[in-house]
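Student: Sequences are here, hints too, so could you generate the full structure?
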Amino acid sequence: MAAIASRLARVRLQFAQRRTWALLLLAVVAVLYPYLVRPYHLSLAIEVLIFAIFAMSLDILLGYTGLVSFGHAAFFGLGAYLVAYTTIGLTNNLAVTLPVVVVGTALAALVAGFFAIRTSGIYFLMVTLAFAQMLFSIAIRWSSVTGGSDGLSGVSRPAIGVGPLSYTFDSRTSFYYLVLAFFLLSWWVLRRIVDSPFGWTLRGIRENEQRMLALGYNTFRYKMAAFVIAGVFAGIAGMLLAQFFRHAAPENLYWTTSGQVMIMLIVGGTGTLTGPILGAAVIRLLPNYLSTYTDRWQTVLGLTFILFVLFAPQGIMGLIQRFRQRGERREHSENRTS
Amino acid sequence: MSDKKTVQPTGLSRREFLRAAGIAAGAVAAAPLLSACGPFVGGRATGPVKIGILLPYSDIYAVLGESITAAMEMYFEEVGNEAGGRKIELIKEDTEIKPDVAQQKARKLVEQDEVDLVAGIVSSGVLLALRDYFDANKKLLICANAGANPISRDRKTPYIWRTSFSNWQPNWPTGKWAAENVGKRAFISVPDYAAGENTITAFAHSFVNAGGEVIGVQRTPFPNMGDPAPFMAEIADANPDLVYAFYSGGAAVTFVKAYADFGLAGKIPLLSSGFMVEEDVLPAQGEAALGVRSGLHWALLLDNETNKRFRKAYKERTGREPNVFAVQGYDTARVIVEMLNKVEGDTSNVDKMIEVLPDIQFDSPRGPFKFDAKSQNPSQHIYLREVREVDGELHNVIIEDMGEITDPGDNSKDLQV
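Residue numbers (the working numbering), protein chains in the order written: chain D, 18 to 355; chain E, -12 to 404.
Any given hint could be a false lead.
[Unchecked claim] Stretch by stretch, here's where chain D covers chain E in the computed footprint (C-beta under 8 Å, at least three residues):
1. 78 to 85
2. 113 to 123
3. 175 to 182
To be clear, the hints were calculated from the coordinates, so they are not data collected in a lab. Fair warning: this is a prediction, and the values are worked out from it, not measured in the lab. We put the beta carbon where it would ideally sit given N, CA and C, even for glycine.
Tutor: So this is what it looks like as structure tokens:
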């Protein structure tokens, strides 16, 4: 019995060491995915990747900087509306729409951040929530521009290049690759950010802001930068969603969307960047499968959250880590006895 | 959030990342070779006709979704769950009232379950969000409720047909009727969203053309009106000849009750779009709703054979009185069955199914049912009704049949105020 357990532990450890290969395998599967599954599963994958970008962006704020934003949908929805408005009125070329989204959400994050970051804790949460709800109201009421409660429909898929050298991501497979590219790029950039001295400063602020101030860090600026970065990546996720659904909806700005992405973080594990990806997958896929089997799917979903909060407060990533540590510990004791 | 958090360094170096990227790029290049053996299998001539149902079964519109479903299933059972020589199979999905959830569910039905057509849709926002998907995929959608005007007008697509109404339809004839029978100075109160705006422009057009004047418009916060007191005060201050309003669900109860509580009922006549005093909200409104007059394409007490039979059967089945949404569900099922009979169960060609839709005519609980081919929406009678006490219960009694009303298919009969 002990022998089996120790062998298992060793396998686990070896697997951990071979993480790179696992990632490579994952990359290959991701690339071949459109040819392995039905189109419906491809669209689910697109959704998961888009929400993974969204969740990762919030992790910068919530997980790494310790700023609990309850209005992150503001930037997600803003990205969706900006690309919808630009695409319908001007062009679907990414060379135009992407900068519009990036600059637009960055400016909005600057303005919102300027006020929100002066507060902390529950006040920060309330200010960000208020900002998002304000944008929601505008989307509902300024119907000549935003389409009101109906949203903006008729958003075409993005294109790149000019003239005869242009390409439109019209097919779902091509759009999947575009989203995958955005996802990998976002993941890579955000990884670099959190592993940089800047990222460690953010962690410092999360753990003890007073101390960071005493060390001479201008924490306001750091938090501001984190807020803008998070806003821009949320905007990019919103942009992709609007292009995928060909529609920008006021619900994209609503507080339930902010809540949903926060649940993704809690389920996946905050401050890990990988956790939010897993959380996005669980939260987008679970209701989809559950609701096919039972009308009471919301109850099941609610129970799942409660179980997570009670028994796995650090989410899926926390579970994985605990699992791994146990393996290492067993391996360690095994070596000592032999 | 927990305070103790373990921070771990990343495991991927730049070289490893590049290696991964290289392999990924190689796989992209190889991928098209595999595409020839894709797993998608289409085309199914025999076996059951699969109908995807997209309705809200949770959240505030759950009652509408359940009413539509119950009546649809009732009709399908009446015809033995068979049409065009094939069995009928329903696959139901909950859209809530979230456009993104509806998008996911529509894809599941069309791509995973490979349904032959889709029916349902309660909210206009969801309908407009799905419009491009059905258009691009050439899949037939029979809309059983959502009344967004654009679907019959500038956002029309051959693949979406509506068995319910356009938002314009019940309001336009009521405007003329109000100017001729109630008064010339109207005050309009609607929730501040698209359907509210559709209500204003349709009512105002015929009301003003019949010599009336809109003296004030009030757009209340949507989806939650909040405290109705300031809105009631505004109405009292304006002192119009009549108030025209459009609210549904909980807001309809709040508005109608507040209207009575503030002493406006009995003083200033209240008219509305029929949804505000439909069977689903009347019990909660109680006596406050007495005397409210409204225009709609159906009423519980509408005197025709089909309606009587429908009402009895629905009550036996569900234990409740039917509402207008149930009627729409019943007619949706009937349209689908008639269509399948006409194409003899051949659902492989969507154009053939669309082609037979304009020829479908039958006696519905709402009176004669037929499509207007231009607006892809029913051409139907709109009834002016009044809430009265009938045998100890509150119901809408029909005062006048305002005739057959067809959506103009453009915005020519709307007036911005």
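Student: Run every hint past the structure and note whether it holds.
Tutor: Right, here's what the structure says about each hint:
1. 78 to 85: holds (count 3)
2. 113 to 123: holds (count 6)
3. 175 to 182: With 4 residues in contact (Cβ-Cβ under 8 Å with chain D), the coverage given for the stretch 175 to 182 of chain E holds.
Checked against the numbered hints listed earlier, the structure breaks none of them; every hint is satisfied.
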